[in-house]
Amino acid sequence: MTVTPLGASCPCGGMVPVKGVTMNAVKMIQKENQLELPLFFLDEEPKTAEVIPFEPKPEWTDDEVRQLRDGLLWHSLRVLADGRAGSEIKQETMAWVMSDEVHPFSFVVCCDEVGYDPSGVREGVKSILNRLARVKAGG
Numbered sequence: 269m270t271v272t273p274l275g276a277s278c279p280c281g282g283m284v285p286v287k288g289v290t291m292n293a294v295k296m297i298q299k300e301n302q303l304e305l306p307l308f309f310l311d312e313e314p315k316t317a318e319v320i321p322f323e324p325k326p327e328w329t330d331d332e333v334r335q336l337r338d339g340l341l342w343h344s345l346r347v348l349a350d351g352r353a354g355s356e357i358k359q360e361t362m363a364w365v366m367s368d369e370v371h372p373f374s375f376v377v378c379c380d381e382v383g384y385d386p387s388g389v390r391e392g393v394k395s396i397l398n399r400l401a402r403v404k405a406g407g
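269 is the number of the first residue of the sequence shown in our numbering; add one for each residue after it.
Check the hints yourself; a few may be wrong.
DSS-like cross-link-like pairs, simulated, lysine-lysine; straight-line CA separation at most 25 Å [what the hints assert, rightly or not]: (1) K404 with K394; (2) K394 with K358; (3) K404 with K358.
Restraint ranges, calculated between C-beta atoms of paired labels, are given here [stated by the list, open to error]: (4) F373 with P321: 46 to 56 Å; (5) G392 with E356: 15 to 25 Å; (6) E356 with A405: 20 to 30 Å; (7) A317 with S387: 28 to 38 Å; (8) A349 with D385: 13 to 23 Å; (9) R399 with D330: 34 to 44 Å; (10) E356 with V403: 21 to 31 Å; (11) Q359 with Q335: 18 to 28 Å; (12) S367 with S395: 13 to 23 Å; (13) P321 with M366: 44 to 54 Å; (14) H343 with T316: 43 to 53 Å; (15) R352 with I320: 40 to 50 Å; (16) V382 with Q359: 17 to 27 Å.
For the record, the hints were derived by calculation from the structure and aren't laboratory data.
The beta carbon of each residue, even a glycine, is placed where N, CA and C say it ideally should be.
Build the full structure now, drawing on both the sequences and the hints.
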């Protein structure tokens, strides 16, 4: 007994035994039905990829990192005081200010870098925000 691929003869697409068909006949049928596509058009030369020169990653100096941390801290404080800033960015910024996480650009590290006490800055932020809220409310 031999096996032939299905498709035309069986909707299930599997293999079923068929009397009188050998595996060589199956391979011939498969080869005849195989679609062949050229890799390149005959009248064109294959194109080569353009080589992009390697550029090393920029190195940050300690002073540049210090400036970035200072800028991030002051930008965040301005966002909190800016009446035009949206509530989502203010909530995100306030969460960053109140976080005690320690990583290269955390609030605690940014404050420490410029010599500020994080808890003192937090108290100052809360005080200023309370005053701004009272002014906005008219009292």
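These are the hints, each one checked on the structure:
Of the pairs offered as hints, the one joining K404 and K394 holds, with about 15 Å between alpha carbons and a cut-off of 25 Å not exceeded. Restraint check: the Cα-Cα separation between K394 and K358 comes to about 13 Å, which is no more than 25 Å; the hinted pair holds. Pair hint K404 plus K358 holds up; C-alpha atoms about 16 Å apart against a cutoff of 25 Å. In this structure the hint that F373 and P321 lie 46 to 56 Å apart at CB is violated, the actual value being about 31 Å.
Roughly 23 Å separates the CB atoms of G392 and E356, a value that falls within the hinted 15 to 25 Å. The beta-carbon spacing between E356 and A405, approximately 22 Å, falls within the hinted interval of 20 to 30 Å. Roughly 56 Å separates the CB atoms of A317 and S387, a value that falls outside the hinted 28 to 38 Å. Checked against the given bound of 13 to 23 Å, the beta carbons of A349 and D385, roughly 19 Å apart, stay inside it.
Range check, R399 to D330: Cβ separation about 36 Å, and the 34 to 44 Å hint holds. The hinted range of 21 to 31 Å is satisfied by E356 and V403, whose Cβ atoms lie roughly 22 Å apart. At about 27 Å, the beta-carbon gap between Q359 and Q335 stays in the expected band of 18 to 28 Å. Taking 13 to 23 Å as the suggested C-beta distance range, the pair S367 and S395 conforms, at roughly 19 Å.
P321 and M366 have their C-beta atoms about 45 Å apart, which keeps the hinted 44 to 54 Å range intact. The hinted window of 43 to 53 Å between H343 and T316 holds, with their beta carbons roughly 46 Å apart. The beta-carbon spacing between R352 and I320, approximately 41 Å, falls within the hinted interval of 40 to 50 Å. Checked against the hint of 17 to 27 Å, the C-beta distance between V382 and Q359 comes to roughly 24 Å, which is consistent with it.
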